[in-house]
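Undergrad: Quick note on this note's numbering: the sequence shown kicks off at 5 and runs consecutively.
It cannot be assumed that every hint is accurate.
Claimed, not checked - When the alpha-carbon atoms are kept at most 25 Å apart in a straight line, the in silico DMTMM-like pairs for lysine to aspartate or glutamate are as follows: (1) LYS63 / GLU75; (2) LYS89 / GLU65; (3) LYS53 / GLU92; (4) LYS78 / GLU33; (5) LYS74 / GLU106; (6) LYS30 / ASP54; (7) LYS89 / ASP68; (8) LYS133 / GLU106; (9) LYS114 / ASP128; (10) LYS89 / ASP57; (11) LYS53 / ASP20; (12) LYS133 / GLU145; (13) LYS89 / ASP26; (14) LYS78 / ASP32; (15) LYS30 / GLU100; (16) LYS74 / GLU33; (17) LYS42 / ASP140; (18) LYS42 / ASP54; (19) LYS17 / GLU92.
Claimed, not checked - What follows is a set of in silico ranges between Cβ atoms, one per label pair, in the way DEER data are often shown: (20) ASN107 / ASP68: 34 to 44 Å; (21) ASN27 / GLN103: 32 to 42 Å; (22) LYS129 / SER45: 10 to 20 Å; (23) GLU33 / LYS63: 48 to 58 Å.
Quick caveat, the hints were computed from the structure, so don't treat them as lab data.
Cβ coordinates follow ideal geometry from the N, Cα and C atoms, glycine included.
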Amino acid sequence: MSAKSPSNLASQKFVDATPLPDNVPKVDEVGATSAPLKSASFFIGTYCKDYNDDFMLCKNENNDPAHCLKEGRKVTRCAIDLIQKLRENCGQQFKEHWQCLENNNHELQKCRKAETALNACALDKLGLKKRIPGVDEQIHEKKNAVFGPDYK
Numbered sequence: 005m006s007a008k009s010p011s012n013l014a015s016q017k018f019v020d021a022t023p024l025p026d027n028v029p030k031v032d033e034v035g036a037t038s039a040p041l042k043s044a045s046f047f048i049g050t051y052c053k054d055y056n057d058d059f060m061l062c063k064n065e066n067n068d069p070a071h072c073l074k075e076g077r078k079v080t081r082c083a084i085d086l087i088q089k090l091r092e093n094c095g096q097q098f099k100e101h102w103q104c105l106e107n108n109n110h111e112l113q114k115c116r117k118a119e120t121a122l123n124a125c126a127l128d129k130l131g132l133k134k135r136i137p138g139v140d141e142q143i144h145e146k147k148n149a150v151f152g153p154d155y156k
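Using the sequences and the accompanying hints, generate a full structural model.
TA: See the structure below:
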């Protein structure tokens, strides 16, 4: 058995050249990996709530993926807009938080210091306050939060 075997994975990025139909609205990709998206996720939920609600209502009406493309594009545009605003107004805090998430396996509790700075900047410059839906006591607002040991 050789130590080096040929890879079955493609060495170049796959790009589907098939154009979308004209009735599908054009929209750019968000252009962010999972860490920046997770960092901005609560703000996206607040900022894009109306578009998200419309999209979910559409999905409940009809399970056909093509049925809700228009609403899905609106959600994507909204997320792009917010991420651009976060980069412009809170660039350093945003970068520090998502890099912390990237380096800590996306565990929010390990990035509370960077998260606090990002939350303060987003509130101050964009008027966005982080709210965890369905929870009365917001963990990120606790002064001396006590975390139990990680049981694996």
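Undergrad: Indicate, hint by hint, whether the structure satisfies it.
TA: Quick rundown of the hints versus the structure:
1. LYS63 / GLU75: holds (9 Å)
2. LYS89 / GLU65: violated (32 Å)
3. LYS53 / GLU92: Cα-Cα ~21 Å, so holds.
4. LYS78 / GLU33: holds (12 Å)
5. LYS74 / GLU106: Cα-Cα ~32 Å, so violated.
6. LYS30 / ASP54: holds (20 Å)
7. LYS89 / ASP68: Given that 25 Å is the threshold and the Cα spacing comes to 33 Å, the pair is violated.
8. LYS133 / GLU106: Given that 25 Å is the threshold and the Cα spacing comes to 23 Å, the pair holds.
9. LYS114 / ASP128: Measuring from Cα to Cα gives roughly 23 Å; hence the hint holds.
10. LYS89 / ASP57: holds (22 Å)
11. LYS53 / ASP20: Since the Cα atoms of LYS53 and ASP20 sit roughly 31 Å apart, the hinted pair is violated (cutoff 25 Å).
12. LYS133 / GLU145: This hinted pair holds, its Cα atoms lying about 11 Å apart.
13. LYS89 / ASP26: violated (30 Å)
14. LYS78 / ASP32: Holds, at about 11 Å.
15. LYS30 / GLU100: violated (32 Å)
16. LYS74 / GLU33: Within the cut-off at roughly 14 Å; holds.
17. LYS42 / ASP140: Given pair LYS42, ASP140 holds - Cα atoms ~21 Å apart, limit 25 Å.
18. LYS42 / ASP54: holds (19 Å)
19. LYS17 / GLU92: violated (29 Å)
20. ASN107 / ASP68: 34 to 44 Å: With Cβ atoms ~40 Å apart, the hint holds.
21. ASN27 / GLN103: 32 to 42 Å: holds (40 Å)
22. LYS129 / SER45: 10 to 20 Å: holds (18 Å)
23. GLU33 / LYS63: 48 to 58 Å: Once the Cβ atoms are compared, 20 Å apart, the range 48 to 58 Å for LYS63 and GLU33 is violated.
Consistency with the previously given hints fails for numbers 2, 5, 7, 11, 13, 15, 19, 23, ordered from lowest to highest.
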